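Residue numbers (the numbering used here), protein chains in the order written: chain G, 48 to 363; chain L, 48 to 363.
Incorrect hints may appear among the rest.
A pair holds if it fits inside one copy or across any two, identical chains being indistinguishable in the list.
Said to hold, decoys possible - Below, simulated DSBU-like cross-link-like pairs (lysine-lysine); rule was C-alpha separation at most 35 Å, straight line:
(1) Lys215 / Lys167
(2) Lys335 / Lys229
(3) Lys244 / Lys347
(4) Lys352 / Lys237
(5) Lys345 / Lys335
(6) Lys229 / Lys287
(7) Lys336 / Lys361
(8) Lys347 / Lys276
(9) Lys215 / Lys335
(10) Lys77 / Lys237
(11) Lys175 / Lys115
(12) Lys195 / Lys115
Honestly, the hints are just simulated from the structure, not real lab data. All values reported here derive from a predicted model rather than from experimental measurement.
Protein chains: 2
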Amino acid sequence: MPKKSKKKIHPVKCRFAAISPKAKLFNRVKVAFQGEIGAFSEEAVFKFFGSNSNIQTIPCQTFADVFKLVEEGNADFGILPIENSLEGTVGQNYELLLTSDVNIFGEEILRIRHCLIANKGVKIGAIKRVYSHPQALGQCREFLEKLKLEAIPVYDTAGGVRMLKEEKAEEAAAIASERAGKIYQMKILKKGIETNKQNFTRFFIISLFIPLLQKGRDKNLKKETKRAKDSKTSIVFSLKNIPGILFQSLEGFAKRKINLTKIESRPIMGKPWEYHFYLDFEGHQEDKKIREALEELKEKTLFIKILGSYPTAKWR
Amino acid sequence: MPKKSKKKIHPVKCRFAAISPKAKLFNRVKVAFQGEIGAFSEEAVFKFFGSNSNIQTIPCQTFADVFKLVEEGNADFGILPIENSLEGTVGQNYELLLTSDVNIFGEEILRIRHCLIANKGVKIGAIKRVYSHPQALGQCREFLEKLKLEAIPVYDTAGGVRMLKEEKAEEAAAIASERAGKIYQMKILKKGIETNKQNFTRFFIISLFIPLLQKGRDKNLKKETKRAKDSKTSIVFSLKNIPGILFQSLEGFAKRKINLTKIESRPIMGKPWEYHFYLDFEGHQEDKKIREALEELKEKTLFIKILGSYPTAKWR
Chain G
48 MPKKSKKKIH PVKCRFAAIS PKAKLFNRVK VAFQGEIGAF SEEAVFKFFG SNSNIQTIPC
108 QTFADVFKLV EEGNADFGIL PIENSLEGTV GQNYELLLTS DVNIFGEEIL RIRHCLIANK
168 GVKIGAIKRV YSHPQALGQC REFLEKLKLE AIPVYDTAGG VRMLKEEKAE EAAAIASERA
228 GKIYQMKILK KGIETNKQNF TRFFIISLFI PLLQKGRDKN LKKETKRAKD SKTSIVFSLK
288 NIPGILFQSL EGFAKRKINL TKIESRPIMG KPWEYHFYLD FEGHQEDKKI REALEELKEK
348 TLFIKILGSY PTAKWR
Chain L
48 MPKKSKKKIH PVKCRFAAIS PKAKLFNRVK VAFQGEIGAF SEEAVFKFFG SNSNIQTIPC
108 QTFADVFKLV EEGNADFGIL PIENSLEGTV GQNYELLLTS DVNIFGEEIL RIRHCLIANK
168 GVKIGAIKRV YSHPQALGQC REFLEKLKLE AIPVYDTAGG VRMLKEEKAE EAAAIASERA
228 GKIYQMKILK KGIETNKQNF TRFFIISLFI PLLQKGRDKN LKKETKRAKD SKTSIVFSLK
288 NIPGILFQSL EGFAKRKINL TKIESRPIMG KPWEYHFYLD FEGHQEDKKI REALEELKEK
348 TLFIKILGSY PTAKWR
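Kindly generate the complete structure, drawing on both the sequences and the hints.
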């Protein structure tokens, strides 16, 4: 009798394995992102989870689709751009976080570096038209003007590369990530063509999967878990429109020396004098001083939701 | 000898005339905006200044161009979208405000209502493709899916309408404002096709023109001026990264019962632990209690800039 083949289970070696041993039980991890294969969001997935053959990325048309896949259990994780250094906050994703049951599981920061990409054999001098998302075209405007190239908008940076390949275009190029160029086996004519190099996007990784450390009340489970040394927590809340109430609401954080890393008010549309406040701060919701500060805050809020505690992303 | 024709000078009847009598001296007011004729930004210009033949709008390719025209005196005012209820803050415009010498002169809020627009004689059943800016296409996705229409991205909502007219397209439509449809004498097939009706954009009107009330230190000038009853002030500042410093910086506003209407932290890219804080609050920089609160804030900031005081926009 031949030896029974022993199917090897590859443990997922990634940052989330470090914060939860349970994660190693996953054989294949599905991660939903908005955009086409080769998009910056997909690049952020691999930066976060590591370039591992056990990671399966699922392209989605919209951010709402990313949430849906995660909520219905058809993806283990989703990734969402949440703010960009040039364009600002992605408000839509904050709105979706507000109403969804998903948790913020982690964050990632990606430097956005645009490349000029063409079919193999195409020389830069032959190019007349350049396809990309309007935002990417805008971010590379100086380069396009210098070379007198016509900018043509398409839906998606990586989608422009795919189109170019399908059409075997000889007088056109696309602007997308280096990774998109490699995936479609195209030629990278020039790297880093963006005007402003301080172009970073911060992403949230979302899941329904509650990291064990968040179930910490169970003593047996708690023993197994290792919390990330540097954690951050994101919350959203609303306050009555009383002068000074925002100041009062931050008091509980200030007196416990909890460092705020983001604060943003967003008007609740249709209710001109009401706001949602989005707050990120250092520390984990299970930390004693964070728990106390949140209890104190609750007394002043009309509404509060903890979006998640997660390991702080490093600027790598 | 024939009677010498007396050229009639039309005073500009608009909101800014109400806050500064000097403004009436303008014969023709030039206002720069980003986009093509018929863009939502241009609509906001007329909502703010009133539909007056003395208003000349100047289309610009980029936001930076809007700033440049105003800074060089080639436009009296510029208009900038600063936040949208669905998309969030327009970070780029905040960055430009930070480094420019322009003043915020006013604010305006516009409801964004998308229309399906086609050439005259074209019936809705004949349409196969729809042109618009990717953001507008995304905001009308449910409508497009229901009618099984192919969405084709273009640079500009109003630009899509112009293109349609030039091409005399019979199987295509555009998504843009009702006003864009009227300007290009096209047929409005359907109004309000956006999925989410809570779609508002807030604009800043910028100028180099310092309203007289801001020169209030000059007693003679002060007498002439009438400050808007409800004013708002926008500032930007940075703080040292000390826990609780943001809380302390807001103390001066809280104890004077100054109502904050917007707060937003934006990381200073390349300096991971430093932030710029954008703050809007009720009151004018010439008000006694605002002056005191700003003096108190200055003691805690590394940097502070007053972007302007302006009459509060009404939700009309």
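Up to 35 Å CA-CA - lysine 237 versus lysine 77, copy category
within (32 Å within a copy, 40 Å between copies)
Taking 35 Å as the upper bound on the Cα-Cα distance, should lysine 175 and lysine 115 be classified as within, between, both, or neither?
between (40 Å within a copy, 28 Å between copies)
Up to 35 Å CA-CA - lysine 237 versus lysine 352, copy category
For lysine 352 and lysine 237, the Cα distance exceeds 35 Å both inside one copy (45 Å) and across copies (39 Å).
As a check of your reading, is lysine 345 near lysine 335 (CA-CA no more than 35 Å) within one copy, between copies, both or neither?
both (15 Å within a copy, 34 Å between copies)
Regarding lysine 336 and lysine 361, is the shortest C-alpha distance of 35 Å or less found within a copy, between copies, in both, or in neither?
within (24 Å within a copy, 42 Å between copies)
Since the copies are identical, ignore which copy is meant and state whether lysine 195 and lysine 115 lie within 35 Å (CA to CA) inside a copy, between copies, both or neither.
Only across copies: lysine 195 and lysine 115 sit 22 Å apart there, 42 Å inside one copy, limit 35 Å.
Within, between, both or neither: how does the pair lysine 335, lysine 229 come out at a Cα-Cα threshold of 35 Å?
The answer is neither: 47 Å in one copy and 61 Å across copies each exceed 35 Å.
Cα distance capped at 35 Å. Does lysine 215 pair with lysine 335 within a copy, between copies, both, or neither?
Answer is neither; intra-copy 60 Å and inter-copy 68 Å both fail.
Alpha-carbon proximity context of lysine 347 and lysine 276, limit 35 Å:
Both. Shortest intra-copy (30 Å) and inter-copy (30 Å) distances satisfy the 35 Å Cα cut-off.
With 35 Å as the alpha-carbon cut-off, assign the pair lysine 229 and lysine 287 to within, between, both or neither.
neither (52 Å within a copy, 42 Å between copies)
With 35 Å as the alpha-carbon cut-off, assign the pair lysine 244 and lysine 347 to within, between, both or neither.
between (41 Å within a copy, 30 Å between copies)
Within, between, both or neither, where lysine 215 and lysine 167 count as close if Cα-Cα is 35 Å or less
within (9 Å within a copy, 37 Å between copies)
This entry does not satisfy hints 2, 4, 6 and 9, going by the numbered hints stated previously.
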